[in-house]
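Let the sequences and hints guide you as you build the complete structure.
From first to last, the protein sequence lines stand for chains A and B.
Here my numbering is used: the first residue of the first sequence is 48, the next is one more, and so on.
Here my numbering is used: the first residue of the second sequence is 722, the next is one more, and so on.
Any given hint could be a false lead.
[Said to hold, decoys possible] Here are the simulated SDA-like cross-link-like pairs (lysine to any residue), alpha carbons at most 25 angstroms apart as the crow flies:
hint : chain 1 : residue 1 : chain 2 : residue 2
1    : A       : Lys-232   : B       : Met-742
2    : B       : Lys-724   : A       : Ala-182
3    : A       : Lys-232   : B       : Glu-736
[What the hints assert, rightly or not] Here are a few chain A residues that sit away from chain B, every Cβ distance over 12 angstroms (derived from the structure):
hint : residue
4    : Ala-155
5    : Ile-171
6    : Thr-173
7    : Arg-237
The set of hints was computed from the structure by calculation and includes no laboratory data.
The model shown is predicted, which means the values in this text are computed figures rather than measured ones.
Glycine included, C-beta positions come from ideal geometry on N, C-alpha and C.
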Amino acid sequence: MAIKTFASGEILTASDTNTFLTNSGLVYIAQGFGINTSALDANSVFSSTYDNYRVVVQTASRSTLQYARFQFRTASTVATTNYASRSNWWNLTQANAVFQDYDQSSTAIVGGPSGDQSLNRWSIWTFDISNPNKAQQTGVTGTGTGVRRDDNWYSWIMGGIQTDSTQFTGIRFIPNGGNFDVYYKIYGYRQS
Amino acid sequence: MTKPNITINDHETGETIEREMTDDEYAELIASGWTEEPQDDREP
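Spelled out as C-alpha cells, the structure:
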C-alpha cells in the first residue's frame, strides 16, 4: 500500500484504518514456541508479501556449552550448507565488558549463548532477515544478550548470509547440542 | 535408538506437532553439527 496522507478534517474510514493496521511499520506474522526440544520449525512465515523480516527470539538451554543457531527451510527441506555466519560476544560480567568469545558456522546462522532454563535465565535476540523468500542470497544481521551456563552475561552482534537461491518459507531454531526452550515472534517490514 | 524431539509450528494450518524426529530430520540435525551433549565445536 502506498502511503496515504489525510487532509485536515478528512474522515478516516474503517477501510483506511484497517488498511493502515495491516500495513503498519512492522506487521505481525506469527509466534510460537518449543519446550525441551532439539529443533523448532516455524513453517509458512516467509512469503512474497514482504521482502524483509524482524524476528524476536528468546531461548533457554537445557544443557551446558550450548549456543543457539537457526537455519532456513522450505516446506520439505532444511538448508544445512552454504552459510557464512559469525557472532562476537562481549562479557558483561567483567568490568570493562571485554570481547571474549564468539560462535561461527557454515551450517547455520549463529547467535549467542542460549540461556539457562534451570535458573530461568533467558537469552534474547533480535535480528532482521533480508529477502528469504526471493531467489537470491538471504542476509541476517542482529544483536542479542543473555547468559551462558558459566553464569556470565554476554551481549553479542551477529550476522551472516545463506547463499542458496532458494525461496525459503520457514525457519528452524536449533541448539549446537542437546535440548532447549525457544519462543519466537516474526514480523514483516511494510513494503511501501 | 531414540531420536531427539522436534517441534513444528505450521503457520498456514495453525497446527503444532511435537514428536520424535524422522531419520531424514535427524540426518539434517547431525549435518548441522548438533550433538547429544553440546560440544565446543566452533570453527576458528
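(request) Taking the numbered hints from earlier one at a time, note which ones the structure violates and give those numbers from smallest to largest. (result) 2, 4
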